[in-house]
Amino acid sequence: MTTESRNGPEVSDPSRTEDGVAGHGAAGLTSVTAGTATAGDSYNSFEDLYRAIWPPAVRLAWLLSGSREVAEDIVHDAFLRVEATWRELADPLPYFRRMVINAVKSEHRHAEVERRHRPDSPGPAIDPEMEEVWNVVAQLPDRERAALVLRFYLDMTVDQVADHLSCPSGTAKSLIHRGISHLREKVAP
Amino acid sequence: MSELALEERVRSTFAAIGRTVPDSPPQTWTEAKDSRATDEGSGRVSTIVPMWRRKSGRTLLSIGIAVGLVGAGTAAAAASGAFDSRATKEFRQIAAVPEPASWGRLPGFDQKKVTFEITNPAPEGTTVSLWSYQVTPEFSCTVILESSPGEATFPGKPSRGGGGCGGVVPGQQTSGTTLPPPPNPTYGPYGSIWRSRKGNLYMLEGGATPTAASRLVLTYANGSTASFGAHHGYWAGVIPYDQAVASFTGVFFDASGRQLPGTEVNP
Numbered sequence: 001m002t003t004e005s006r007n008g009p010e011v012s013d014p015s016r017t018e019d020g021v022a023g024h025g026a027a028g029l030t031s032v033t034a035g036t037a038t039a040g041d042s043y044n045s046f047e048d049l050y051r052a053i054w055p056p057a058v059r060l061a062w063l064l065s066g067s068r069e070v071a072e073d074i075v076h077d078a079f080l081r082v083e084a085t086w087r088e089l090a091d092p093l094p095y096f097r098r099m100v101i102n103a104v105k106s107e108h109r110h111a112e113v114e115r116r117h118r119p120d121s122p123g124p125a126i127d128p129e130m131e132e133v134w135n136v137v138a139q140l141p142d143r144e145r146a147a148l149v150l151r152f153y154l155d156m157t158v159d160q161v162a163d164h165l166s167c168p169s170g171t172a173k174s175l176i177h178r179g180i181s182h183l184r185e186k187v188a189p
Numbered sequence: 001m002s003e004l005a006l007e008e009r010v011r012s013t014f015a016a017i018g019r020t021v022p023d024s025p026p027q028t029w030t031e032a033k034d035s036r037a038t039d040e041g042s043g044r045v046s047t048i049v050p051m052w053r054r055k056s057g058r059t060l061l062s063i064g065i066a067v068g069l070v071g072a073g074t075a076a077a078a079a080s081g082a083f084d085s086r087a088t089k090e091f092r093q094i095a096a097v098p099e100p101a102s103w104g105r106l107p108g109f110d111q112k113k114v115t116f117e118i119t120n121p122a123p124e125g126t127t128v129s130l131w132s133y134q135v136t137p138e139f140s141c142t143v144i145l146e147s148s149p150g151e152a153t154f155p156g157k158p159s160r161g162g163g164g165c166g167g168v169v170p171g172q173q174t175s176g177t178t179l180p181p182p183p184n185p186t187y188g189p190y191g192s193i194w195r196s197r198k199g200n201l202y203m204l205e206g207g208a209t210p211t212a213a214s215r216l217v218l219t220y221a222n223g224s225t226a227s228f229g230a231h232h233g234y235w236a237g238v239i240p241y242d243q244a245v246a247s248f249t250g251v252f253f254d255a256s257g258r259q260l261p262g263t264e265v266n267p
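First to last, the sequence lines map onto chains A and B.
Start counting the first sequence at 1; every next residue gets the next number (the numbering used here).
Start counting the second sequence at 1; every next residue gets the next number (the numbering used here).
You may find that some hints are simply not true.
[To be verified] Capping the alpha-carbon separation at 16 angstroms, the derived lysine to aspartate or glutamate pairs in EDC-like fashion look like this:
#  : chain 1 : residue 1 : chain 2 : residue 2
1  : A       : Lys186    : B       : Glu7
2  : A       : Lys173    : B       : Glu124
3  : B       : Lys112    : B       : Glu31
4  : B       : Lys33     : A       : Glu47
5  : A       : Lys173    : B       : Glu31
6  : A       : Lys186    : B       : Glu31
7  : B       : Lys33     : A       : Glu129
8  : A       : Lys105    : A       : Asp142
9  : A       : Lys186    : A       : Glu129
10 : A       : Lys173    : A       : Asp155
[As the list claims (entries may be wrong)] Label-pair distances were calculated between CB atoms; the ranges are:
#  : chain 1 : residue 1 : chain 2 : residue 2 : range
11 : A       : Asn44     : B       : Ser12     : 33 to 41 angstroms
12 : A       : Glu129    : B       : Thr28     : 34 to 42 angstroms
13 : B       : Glu3      : A       : Asp41     : 25 to 33 angstroms
14 : B       : Thr219    : A       : His177    : 53 to 61 angstroms
15 : B       : Asn200    : A       : Asp155    : 39 to 47 angstroms
16 : B       : Ser256    : A       : Arg51     : 39 to 47 angstroms
By construction, these hints were calculated from the structure, which means they are not laboratory data.
A virtual CB, placed ideally from N, CA and C, is assigned to each residue, including glycine.
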């Protein structure tokens, strides 16, 4: 898997904080650092950073990519990229979030056929109704799927979704609406 | 269903899937970095074939774990053994399968010990490769990787990686943990289903061979034959599914073309 071409250039401003993102606690890659604190202030070591960020980063990458395997690869690559400079990151959590989003975007470009229609099953951990939703979400166009994940997993506002997908707010709102409409057509009531 | 209810269902689904990821990584960063080298350009590969091998005679016996696939990559990459890091990853995933029941994670997994054994041509311009990992002299794992991604073999339930290792479990080398020896000199291949991008069904097969073997010739039930290269005591190949289920037999040949007696393959 590539790393340089996939992540870096699309992270427009990775060091900024994510104001007003409620998230789902640790599950949502929610920022826990504040102000101008750097990662070096918040984490004693890279191992600490890895332990704290790996779980939410993999969760987000899995939801965005549909593949646990791809998710772990993407997150691993992200850590490789920041290992040398992590202490200087102003706020590593949003940085990782953006890297994950951009990496999944790139991954989809490289592996479109492979990913489409083939989501990883979470196994017995979720009930059949949820699995039905999961399978339909996996078949959505990438941007619709990403918009739904950012909106309903990370609890982002429409503007924040737009920011992360590099599109106007109106487009983000439309993506979310279309995603929900597709789900309504395909998911049993 | 109202929009609100649907949104809530989506939220619940995402949250439930998120909860399946543990709250801490399965490895430290140091371990993860050692064992998961990035795989520039090779893409995904997979299908894991679990088997165990007794050192004496290098005989294989499946321990019967269903396995899966997901994969991509180039034939050239596979042919050069460039999927090694992916194989390494698959070996690590094998460790998550509790087979045998007393077996846990691969202790002290060392990526450098993963050995690329062989690549053979496969249908539709793909290749199939086999790697081995010798945990102890009596305990080893083998993984077969198809170079091309396959289609889901079950609607909505694409098979996933899995696998196993076999032999005498390290640290528990008592008679109670020793699997029964395979019937020597039979060499039993073990494989899993692979559906090609064209939708054709195949079986990915592979296993140990006699040390002197350089080729394995399979004879299918319809009388046709197929030849597969053997190297380092292993072979790997892709067999049309209907031929595989209709049964086949095989014999090994050495480099000079002589058949190796008493080494029949019986699936």
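Legend entry - Structure-inconsistent hints, enumerated in ascending order: 2, 5, 6, 7, 13, 16
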